[in-house]
Amino acid sequence: MAGDTFGGRMGLIFATIGAAIGTGNIWRFPRMVGANGGGSFLVPWLIFLFVWSVPLVIAEFAIGKRARTGTVGAFRIFAGKRFAWMGLWTAWISTAIGFYYGVVTGWCLKYFSAAASGGLAQGVDTTLVWNEFLQNPSQVILFQFLAVAITMAAIWKGAKAIEKVNVILMISLFILLFSALFLSILMDAQDGTLDGFVYMFSIQPEYLLQPQTWISGLSQSAWSCSAGMGMAITYAVYMRKDEDTTLNAATMCLANNSISIIAGLTVMMAIFSVVQDPLSAVSGGSSAITFLVLPEVFAQAPGGPGVQLAMVAMFFLALSFAALTSMISTVELCVRNFVDHGVDRSVAVGFTGAALCVFGLPSAALWILMDDSTGVAFPQFLEVQDHIWGYGLMFSGLFIAFSIWKYGWNRYQVWQDENDIEGFHWQDYLDHGVSSFRDDFINTGDNDWWIGKWWDYIMYLGFPIMFTVLMGSYFIDLLLNVDSPWDPTNPKGITIVLLFWGITATIFIFMNRWLVDRPLYRNVPEGAEVPIDTLPGGDDDMILTLGEVWTGGDLDAPRSESSVLNAELA
Amino acid sequence: MSAMRRVFVHFVLIMFLFMPFASVLGAVEAQDEPAENNDPLDIWSTDYVDDYYPWGGDDAAQFKEYHTYFTMKDRMQHLAQNNRNIMTFHEGLNGGENARGQITTANTYEGWFYNHRSPWVKITVNPQGGECNDFVGDCGNYAERPDVLLVGNHHAREWMSYEVPMMFLEMVAHYYGKAGVDNDGDGLIDEDPYGDADGDGIIDDDGDCLSLNASYQDSNGDGTPCGPGDQGVDEDISEQWITDLVNTREIYLVPMLNVDGNRYDREVYCGENAWETCPTSGWRKNLRDNTFDDLGPLPDMFEEVDEDCDGVDLNRNYQYEWGVPLGATMPVVPGTCSPQGGLDGTNNDVYTGPHDTNDDDGDGLLNEDHVDGVDDDQDGLVDEDWLGGNSEPETKFIQDLTEMNDDNGDGGSEFKLVFNWHSFSNLILYPWGHCTDCQTPDHEFIVYHGDEMAVMTNYENIQSSDLYPTTGDFCDWHYGVYNSYCYTMEIGGSDDGFHPHPDKIDHIATLNMGPTFYMVEVADDPAFRAVFGLGMDEIQWMQSPVNITIPEEGDIPVELCLHPNFPLSNDVNRSHVMYRQVTPTRMQNDYGPTEWKEIQPWAMTGFEETTIRCELLDGSNGTTVIANIPVPETSVGEIHYRAMLGTTNGAFPINYPALGEEPGDYYVMSLPYRAGFGSSLLALFMFVIVAGVVWGGLAFTLREMFSGDDEEEENNQTEIVEQEMTKSRSADNFSSMTVAQLRAELSERGLPTSGTKVVLIDRLKGA
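Line by line, the protein sequences are chains A and B. Quick note on numbering: the working numbering labels position 57 of the first sequence as 57, and the sequence is numbered without any gaps. Count along the second sequence from 1, then add 570; that gives the number in the working numbering.
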């Protein structure tokens, strides 16, 4: 059985872009622009694209391409046996997000169907539509299941199918968004000014001086590209040998931001053309703007009911596509890890799909509350899930950086042993440790671009600083703006987040030994064989290439400490 | 028997519960029942029917005969002794330097003739605590407790005017700290408070008097069946209410201000049986010796009392508009007492007291600015050199008590409400007294409280000057100088006269308890109480967010429509709009409701008065006041706002929106971004940069990715360079070279892209 790969460059590009582009581009980005001073926000957003997202995705691609496994295997190989749980964490965060993201994708599908059937025409009370929908669990669950089903169908057959679905959905998304943008420009230009455009690209200097703007830019950049999520590791598994990791990373992130700009312009111009108080509308809670304001706004597009219906339907179809492609990558990330450990793909897909349906149920139907001040319903369980797992994503990024640091340190020590050097010397560490990941995995011969030392600086210095700032600002914000943040029963507090993280991490660390006691099957396509024995976890005889058979013994029999040791020595 | 009665009462009460059914089932039976209750003893206790008061004591304490000054003082001291937790006994004031810089001593407040100081009681819980006042001689001054001053017997012969305060004192002493007392013995508790408590127009709230046989319904014989003062009317009030009032007020009770005059009236002028000897006459004034005067023509050192001339009408001796207005009652010739200025021997019962002969402000001018709240001589000082008034020990006592009992030190009076008893005419009088066809600024409110008391007494509530114009009276001074609401009760009818028969003391005093307690209750903020009582707060409104027009720039004006008579305080701490600004947090959860963050905490802004008319909620005309909320044009989010209106002497604010009307008790106005969005040119420039980087970058990477043709060309070139380099040295050389060195050499040889170099370096080093 040969390794599974994408059919071509286009396939990989579209798959990764599809994963990166999600609802965050379409409903989160415009809100961030609105809340952070328009053009002022674009400055940090653009800077962090190159300082955070691209370098991290490069690392992910490099790891995935060399490891040829999902996240668990990648950490097992790159950070060593003791750290396979980090891969589990990465996979879990993505899957936990997937549990409620399926529900959200369902919302988008529902809104598309409502729009297409004329249910969001001009004059419709969108708040009523939203409340009735959300408070009707059977509807929400129906569309959630639909979203999961579509996702399952797309990934059932593996890389080739994922590729095809992504290509179709992404191209449709571009067309839909461009059409919507065109209509938005018409709307905004009706009063003779393009004030939505002007606001979005005007720099208000005072915002640039506020740390909040920069933190918002960083967080948007961190989430929007799915950097650190493990998604790029997963898709890199299907890369052909001669694929360029750097170029792919840059393409994926730039494409993501390109779509953000288009979606942002579409939303901003439409809202500015119709809403009396556009800034408040844009900067409010974001499911509000997407599902309450935008249908109203687009339903006032010029050209009569036909165009208006098309506009609303187009927008929500684009949103659904964006959500679905992200959903696909989320599920694939999980499925890949099962397949790596010898589970049959269709079993893994079925199992994951069932889990998504079941564990998404509480997000779909539990704690549907009413915001008293606005009379808008909201799903509190889902909100809490997002609150807990959203920032867990940052740790996934940190773990990736950690495996890079660890690799560098190992390499430095190996070099010292080879050259009989004792003690620690900065210059040696910089030459033979810090730069080794870059030399060994990024600047391989397949790359069109040579990545310089700047990448090392970002990974070793920039990343920890940005991580600390982001985490710090999040917790400080919780401390300052949440009542009784330490109360563990407060779903918006700090304690509940730390509790869930702590429990999850503890369980995973305990599961680590069990995890590394099973064979890991790498998906190595033909012609892409690369040695991994220099890697911290590379000399494990239980790491096999897909198609090989584990002959080391009975898997179900508990293995003693000594046999583990033997295996490591072997 | 009484147990039987009680059982029956309960039975009736239970039947009462079934009234709605009874009316359907058997109306005939229900009609028959009241006939059973025709005798007072069927309902009430014997003590109640017999007007026997639970505090016991002698006949005077039981209000069956009049107190003399001495028995009254003994009783006051006795009660104060036995109720040390709520009252202290005092006489006059200690003295010291008073508010106008005069040095006084305790003697200053002694009557001219018998040398008594007016006895008084301070009533408040823990009267030994709080602040002590050396000048006044009391303790128990608490800034948070409103003060109220109740004064009886300005006029010597008006005996009921000290009996009424004495009954108040007895009630407070007896009922304080008790709760759930069945005052009338009918088995019910607190069922009939003062006045028309349930607002049905009938003051017998529990209907027990009305259930009596008609012959028992007018127990006080005033001709009104089941009217105020009759048995069964307002007979069972809440003791807890009395306790609460004592706990939250400082009550200054002066039952007999004019001790000199009262003793003279009882001991000399009329005698003990004054109701026979002086039914409609008697001694009115104090006992100032008007002929004993340095300037007077007839110094008679040895006289006792010259009834034709001596004495000052204490209720004409206050300084506000003293001696000025209509029907001048001051002596034309100083030192004489006759209104005509002659020595014709006629007594002037309303003598105001002598002209002031001091240069009170020491500016060399005499009496150039009398007390009227106006700067008559335009020297920047108000009322600083008066014509007269305040010449008597008794009025000095009232004036210094008012001015020196300044708990909060603001120079004003602590008494937001003062009250004094007189007789007779069955009237309630309110200021002004010194002018006709005039009204006080607080007219509507002052009338309101008078009307409330009229309901409790059937007395007529009229403006003082509508009875007859006066000068220098108690109420004009308190209201005119200190804005204290003030009422004068004219107790008793014309058949009662100045000295009602002792049989009537208890009835008249009982009738007057309602107003007395009412005055104590509303003394915390009479204006606010009236505003509320009149429902004025309910017809006033503040602009709700939908009615506010947000200007393009500058402050956001919020209008309030006020009743033209609303006594709006200009003090920004009392009357203001509170506002704060919230904005959505920048870190919003993607799926939850909007989360808000306060960016401008609650702040206050005052009101601007305007002449703009507005329509109150009842359709009548109101006046607009405007508060300007300062908001930067660049702000977005929400403004939360609410108004608090303080009355001029207010203890309580009135809130808009009304409490409980809106969540959080404030209005929420969404705030649009009002500043410009920026320059189109700069935006276009920025767009070009951003789009250039993002879209241009994307185009570039895609081109790189799919430039297959270039690759072949590059490969050819790479081969050439490789051959050149391998020709020049051996493979070992390459492996010892660093990557950087190799890169530099390759660049020299003109290889175009970094990617190719890397491939080549790998190959060279690997070779």
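Since the hints were made in silico from the structure, they are not lab data. A few of these clues could be false.
Cβ pair distances, simulated, as ranges [claimed, not checked]:
1) A:P531 to B:L1252: 50 to 56 angstroms
2) A:S373 to B:S1190: 55 to 61 angstroms
3) B:V1263 to A:Q190: 44 to 50 angstroms
4) A:S172 to B:A1269: 18 to 24 angstroms
5) B:I1290 to A:L208: 30 to 36 angstroms
6) A:A189 to B:P1127: 31 to 37 angstroms
7) B:I1196 to A:S172: 55 to 61 angstroms
8) A:G119 to B:E1123: 37 to 43 angstroms
9) A:A189 to B:I1290: 26 to 32 angstroms
10) B:I1196 to A:P137: 49 to 55 angstroms
Quantities reported herein were computed from a predicted structural model and do not represent experimental measurements. Cβ atoms here follow ideal geometry from the backbone N, Cα and C, with glycine treated the same way.
Right, here's what the structure says about each hint:
1. A:P531 to B:L1252: 50 to 56 angstroms: Check passed, 55 angstroms falls within 50 to 56 angstroms.
2. A:S373 to B:S1190: 55 to 61 angstroms: Once the Cβ atoms are compared, 34 angstroms apart, the range 55 to 61 angstroms for S1190 of chain B and S373 of chain A is violated.
3. B:V1263 to A:Q190: 44 to 50 angstroms: The hint (44 to 50 angstroms, Cβ to Cβ) is violated, given that V1263 of chain B and Q190 of chain A are roughly 30 angstroms apart.
4. A:S172 to B:A1269: 18 to 24 angstroms: holds, 21 angstroms
5. B:I1290 to A:L208: 30 to 36 angstroms: violated, 50 angstroms
6. A:A189 to B:P1127: 31 to 37 angstroms: This hint holds: roughly 34 angstroms between Cβ atoms.
7. B:I1196 to A:S172: 55 to 61 angstroms: holds, 56 angstroms
8. A:G119 to B:E1123: 37 to 43 angstroms: Cβ of G119 of chain A to Cβ of E1123 of chain B: about 41 angstroms, so the range 37 to 43 angstroms holds.
9. A:A189 to B:I1290: 26 to 32 angstroms: Distance hint for A189 of chain A, I1290 of chain B is violated at roughly 56 angstroms.
10. B:I1196 to A:P137: 49 to 55 angstroms: holds, 50 angstroms
Violated hints for the displayed structure, listed by number in ascending order: 2, 3, 5 and 9.
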